[in-house]
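Number of protein chains: 2
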Amino acid sequence: MLREAVDQLPAPLRLMAGYHYGWWDSTGRPTPGRSGKGLRAALVLAAAAACGIVGPTVVSAAASIEMLHNWTLIHDDVIDADEMRHGRPTVWRVWGSDAALVLGDAMHAMTIRMLLDLPAAQMAEAVDRLETVTVELCRGQYEDCLFESRPSVTVGEYMQMVGGKTGALMGCACALGALCAYADAATIGAFDSFGRELGAAFQAADDVLGIVGDPAVTGKPVGTDLIRRKRSLPVVAALESGASAAVDLDELYRSAAPMTNTEVAQATQLVAACGGIDWAQQHAQLRAQSALAALPAGAATAELAALTQAAVRRVQ
Amino acid sequence: MLREAVDQLPAPLRLMAGYHYGWWDSTGRPTPGRSGKGLRAALVLAAAAACGIVGPTVVSAAASIEMLHNWTLIHDDVIDADEMRHGRPTVWRVWGSDAALVLGDAMHAMTIRMLLDLPAAQMAEAVDRLETVTVELCRGQYEDCLFESRPSVTVGEYMQMVGGKTGALMGCACALGALCAYADAATIGAFDSFGRELGAAFQAADDVLGIVGDPAVTGKPVGTDLIRRKRSLPVVAALESGASAAVDLDELYRSAAPMTNTEVAQATQLVAACGGIDWAQQHAQLRAQSALAALPAGAATAELAALTQAAVRRVQ
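Quick mapping for you: the protein sequence lines, in order, are chains A and B.
Take 1 as the starting number for the first sequence in my numbering and just add one per residue.
Take 1 as the starting number for the second sequence in my numbering and just add one per residue.
Excised from the complex, chain A in its bound form (with noise of 0.2 Å):
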């Protein structure tokens, strides 16, 4: 499904798109290269069949996620100045600025075609589940933004960044699971809240990679959140623990420019020393069992354990 829609672009925005999710290389031939994980079109899929139904209007469902979080990553890509992912070269890298933009542009409107498909009375429902949490995404990528200026940032202010930027879209998933298997507002309501701790249990797991994840399965460079001095959950809460360590580590984080080697390595070393990193690992853990406190009796499924545990699992 996500092939079809990317075959209904226009020419040039078609092999943009299908280089992103990995398809072919920049000049069109096919390669084996890395997609995303995939993980909010499994959500949508387990979440409905928690909820007793798979089928065609599931996979939409599933697909137009999908292609509202590619979108949403080749923006931010330009907006980070991010020059990796998956391994290769981001959009922007390869074709401009610009060119990313207007190919984000029309993967949203490819987004939102995707749904048309679905059952009336599911539909319209799911188009302004859909949208709003866009909505919320821009806040918190915009909030995101802003951290990169500020002095300080506290864990209060990251977790609600984080809550838009990652858990709005993880809990859309789920709740348009439960839509698409017809469940009633409250379950539906259930699913969102799963999808939302989920969402946060990934994100702390995902800070964490950014400091010490091996190059190999993140395909970014070693320390990536710590060159651009970025105030992911580990550092915050590396800053806020009071520790003697902190203080040099505050130092590190005043300079505008992206850090050396050595400094990496250093940032690396001091944020472990103030246990920031097992922090964030703990935190995923905890918020991975919120998730699954927040689902309905019953619908804890072997398939969403296994997907919590996924999404965690990276740390471990």
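Rather than coming from a laboratory, the hints here were simulated on the basis of the structure.
Beta carbons are placed, not taken as given, at the ideal position from N, Cα and C, and that holds for glycine.
Don't take each hint at face value.
A few chain B residues that don't get close to chain A, going by computed Cβ distances all over 10 Å [as the list claims (entries may be wrong)]:
id: 1; residue: G96
id: 2; residue: G104
id: 3; residue: E240
id: 4; residue: R254
id: 5; residue: N261
Here are some chain A residues pointing at chain B (derived, C-beta under 7 Å) [claimed, not checked]:
id: 6; residue: M1
id: 7; residue: A5
id: 8; residue: L73
id: 9; residue: H75
id: 10; residue: L101
id: 11; residue: D105
id: 12; residue: H108
id: 13; residue: I112
id: 14; residue: R113
id: 15; residue: L116
id: 16; residue: P119
id: 17; residue: D128
id: 18; residue: E131
id: 19; residue: T134
id: 20; residue: Y182
Following the hints, position chain B against chain A.
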């Protein structure tokens, strides 16, 4: 309705959106600033009225089209590095291009949410038309970007680009008006053709203003398109004219640096000497006539004729 939609945005995005619309300054203080012309919204209302319907449904559709037009302007200003719109600094110039990118994405989402109040029978088609046209706009905008790095552009290529960049949205506005008035598919198609022709006429007139327009009227610097060596219709027509002045104009367009004031004055004279300005003015008139001819019998109301005149009168 636009204000209600903007009110639903999170605070920092709401501030930027209202600034863009000219409702308040960059700190939120109400201003008597100029908004856009509202031509596309007027086309929705006039098309629906020509098909016999007025009312709140049509106003939703009109407000949605206007929101679509404005988020694409906010993104286009980033891409084209345009610093002024409606006589004030553009959103990216005030808050940075990252903020403008995120604001455009959030307004894209609101564009679609505004259509969800339409009667069920019309809503799915309306959303489909808007998002299909969005992909066309992206295609047109991308082609326009590519033109800037090309040594030459034919009149035919220019027309194709403008069809996506301006014609598609005006066609969609008129089709949407007819759709809200429960018109049949043939009538909707005729209104789409009317809008597309009108869009071509409007863009030709707008391109003339980009060369000889009064800054007090356009809100942009004099010769704004020439400064950036934009290959707008009068320029493309002049270069294709075979006139001897075309050789000198071609020479001026070979450099990549912004034109100096002297060069802008020189280029303006050369475009005029090649007949480029006259040709574009005539083309605007021809396409305006062709627009009215595309309307179904009896549908060319005084309102639609007046809007058609307004779109091209600007150059007379």
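ask   = Which numbered hints turn out to be false for this structure?
value = Those not satisfied are hints 1, 2, 6, 7, 8, 16, 20.
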